[in-house]
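Student: So the chains spell out like this:
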Amino acid sequence: MASKVYDWLEERLGLSAIYSVTLDRKVPKVNWWFTLGSASLFLFIIQGVTGVFLAVYYVPSPDHAYDSIQYIMNGVAFGWLIRGIHHWGASLMVIFVFAHMLRTFFFGAYKFPRELTWITGVVLLLATLGMGFTGYLLPWNQRAYWATTVGTEIAGTVPLIGPFITAALRGGTDLSGVTLARFFAVHIWFLPAVILGMIGAHIYMIIRLGIAGIPDKDD
Amino acid sequence: MAKSPHLSRNEFVKIVVGAVGTLIGSVIAFPAVGYIVSPALAALRGGGKDTWIPVGPLENYPLGVPTLFSFTRTKINGWEKTTNSYGVYIYRKNETETVAFSNICTHLSCRVNWNEERQQYLCPCHNAQFTVDGLVAGGPPPRPMDQYLTKVEDGTLFINFVEG
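One line per chain: the protein sequences are A and B, in this order. Residues in the first sequence are numbered consecutively from 1, following the working numbering. Residues in the second sequence are numbered consecutively from 1, following the working numbering.
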């Protein structure tokens, strides 16, 4: 029965071709450092799923942000678990993405023909840091408020356009409900959209070009 | 390949992968489903508490004419206090008998109004009609109007409000 269903789908969707192209690729002999990209992808998926669940109860308004998180932590079954995974996963993701970049750099894997993979990777690293920056404000506690005050102030040290950047990040001169709402929108819509698109391009190139092995003496 | 009576390595791996996958899936699914449905479960557990609400001296209410009394109740839903307003029609049939009807229509929860001219409760939404005794006189309602228990203490009328 199951094989009949599979055959029916296979005839119309060509699933085995997807499988062989994505998973039956020839891979050079590599080591554990080469798993960091997959680990980053896994963490992104974890962050996405737990983030969707947090959005069920979280409210991005100064009146309710803090209370809604207290409710997630104490009022909802397993809320502590889902927020805990999102919280620690965020730090882990920054670490893994950064380590992945270091591996790529030191093994020279960014060289021809993989320059574009590297560039999309740079965008992904910056977007990941952006997720960390915007997500940090959302609990709307003292630490979040003052960290974002300082962070947006640092952005303001850019010559000439600094004050404009600070105001654009805050949505006004002060850190306010407007700031919270836009950080939330960037955190759950803008940056995830960028990251998804870039991951798609990144993985397409990995499949198309194959991965670079460990460089030897001749490289 | 000849069919061996024992499990082949391939079959064994398939079974183990299926079993471990099911285990991991349920370990993930249990908290996920619990997280989504827990407010509903809390509401079911916490419901059914009742309180007696004073609605004023009995002599405030005229005999034979249903009179609306409105009150509000505050409840904490998640991270927010929600204030709901309720209406109750106090109907004194005679000196000794008093009935309190919820003004929530038993059809789809619109609020009914007492119509003096027609001597009926009318619902503005789907033209439900109830008699002065709360019985269905016409329209779509599935059951008579809901009632609150009443009691009189020291001349003050109380209704028994059950937390929804």
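Each hint should be verified, as a subset may be incorrect.
Think about it this way: if two alpha-carbon atoms lie no more than 30 Å apart in a straight line, the pair counts; the simulated DSSO-like pairs of lysine-lysine are [claimed, not checked]: (1) B/K93 / A/K29; (2) A/K26 / B/K93; (3) B/K151 / B/K93; (4) B/K75 / B/K14; (5) B/K93 / A/K4; (6) B/K14 / B/K49; (7) B/K49 / B/K81; (8) A/K4 / A/K217.
To be clear, the hints were calculated from the coordinates, so they are not data collected in a lab.
Student: Run every hint past the structure and note whether it holds.
Tutor: Verification of the supplied hints:
no., hint, verdict
1, B/K93 / A/K29, "violated (92 Å)"
2, A/K26 / B/K93, "violated (89 Å)"
3, B/K151 / B/K93, "holds (14 Å)"
4, B/K75 / B/K14, "violated (52 Å)"
5, B/K93 / A/K4, "violated (72 Å)"
6, B/K14 / B/K49, "violated (52 Å)"
7, B/K49 / B/K81, "holds (18 Å)"
8, A/K4 / A/K217, "violated (52 Å)"
Of the hints listed earlier, those the structure fails to meet are numbers 1, 2, 4, 5, 6 and 8, in rising order.
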